[in-house]
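Visitor: Just so you know, the sequence shown maps onto residues 19 to 159 in this note's numbering.
In case anyone wonders, no lab produced these hints; they're calculated from the structure. Some hints could be false.
Derived SDA-like pairs (lysine to any residue); straight-line CA-CA distance at most 25 angstroms [to be verified]:
| # | residue 1 | residue 2 |
| --- | --- | --- |
| 1 | 154 | 115 |
| 2 | 25 | 149 |
| 3 | 154 | 86 |
| 4 | 25 | 45 |
| 5 | 154 | 91 |
| 6 | 149 | 95 |
| 7 | 149 | 137 |
| 8 | 154 | 97 |
| 9 | 149 | 134 |
| 10 | 26 | 141 |
| 11 | 69 | 130 |
| 12 | 154 | 110 |
| 13 | 69 | 107 |
| 14 | 154 | 27 |
| 15 | 26 | 97 |
| 16 | 154 | 130 |
| 17 | 154 | 68 |
| 18 | 149 | 91 |
| 19 | 149 | 136 |
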Amino acid sequence: NIQSYAKKNLGRPLTSLEMRNLLVSTGIPQGADSLTRHIGPLPNIRAALNKLTTITALEAQQARNSIQWRLSPRGLVVETFRDGNFDLTLTDISGRVFFYASERISPQAVFRAPLRLPRGIYFLSIRGEGKREVAKQTILP
Numbered sequence: 019n020i021q022s023y024a025k026k027n028l029g030r031p032l033t034s035l036e037m038r039n040l041l042v043s044t045g046i047p048q049g050a051d052s053l054t055r056h057i058g059p060l061p062n063i064r065a066a067l068n069k070l071t072t073i074t075a076l077e078a079q080q081a082r083n084s085i086q087w088r089l090s091p092r093g094l095v096v097e098t099f100r101d102g103n104f105d106l107t108l109t110d111i112s113g114r115v116f117f118y119a120s121e122r123i124s125p126q127a128v129f130r131a132p133l134r135l136p137r138g139i140y141f142l143s144i145r146g147e148g149k150r151e152v153a154k155q156t157i158l159p
């Protein structure tokens, strides 16, 4: 099952919110007529496991990455060992974009963005100079 796979590959089970977001984002839309009373997407276990596989691969890549990020009272703090012009995109596990910037960053850049992220799994993608790096972060209450 999905939780067993998450425990084995992520080292922990998914929270109920993470599981819900995963199942909704990978589910198969159902008909919305009044007879079937639409209750949400039909879970697609194969697609959910594929998405978790991608997350696991991203975590392995993050261990090799030269970027880290965190939220602070000042805003989004991005730590990297590179200087240059980059596109930064912060998304959640379902792909929803919470922050985007295209600008020059330095080894410890602070973006003054009023980010109040709900609990969940987030990915910061930095693209530029022919490279793309992704750093994952889990936000807990």
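Visitor: Please go over all the hints and tell whether each is borne out by the structure.
Guide: Verification of the supplied hints:
no., hint, verdict
1, 154 to 115, "holds, 14 angstroms"
2, 25 to 149, "violated, 30 angstroms"
3, 154 to 86, "holds, 8 angstroms"
4, 25 to 45, "holds, 21 angstroms"
5, 154 to 91, "holds, 20 angstroms"
6, 149 to 95, "holds, 20 angstroms"
7, 149 to 137, "violated, 29 angstroms"
8, 154 to 97, "holds, 13 angstroms"
9, 149 to 134, "violated, 28 angstroms"
10, 26 to 141, "holds, 21 angstroms"
11, 69 to 130, "violated, 31 angstroms"
12, 154 to 110, "holds, 9 angstroms"
13, 69 to 107, "holds, 19 angstroms"
14, 154 to 27, "holds, 15 angstroms"
15, 26 to 97, "violated, 29 angstroms"
16, 154 to 130, "holds, 20 angstroms"
17, 154 to 68, "holds, 17 angstroms"
18, 149 to 91, "violated, 29 angstroms"
19, 149 to 136, "violated, 29 angstroms"
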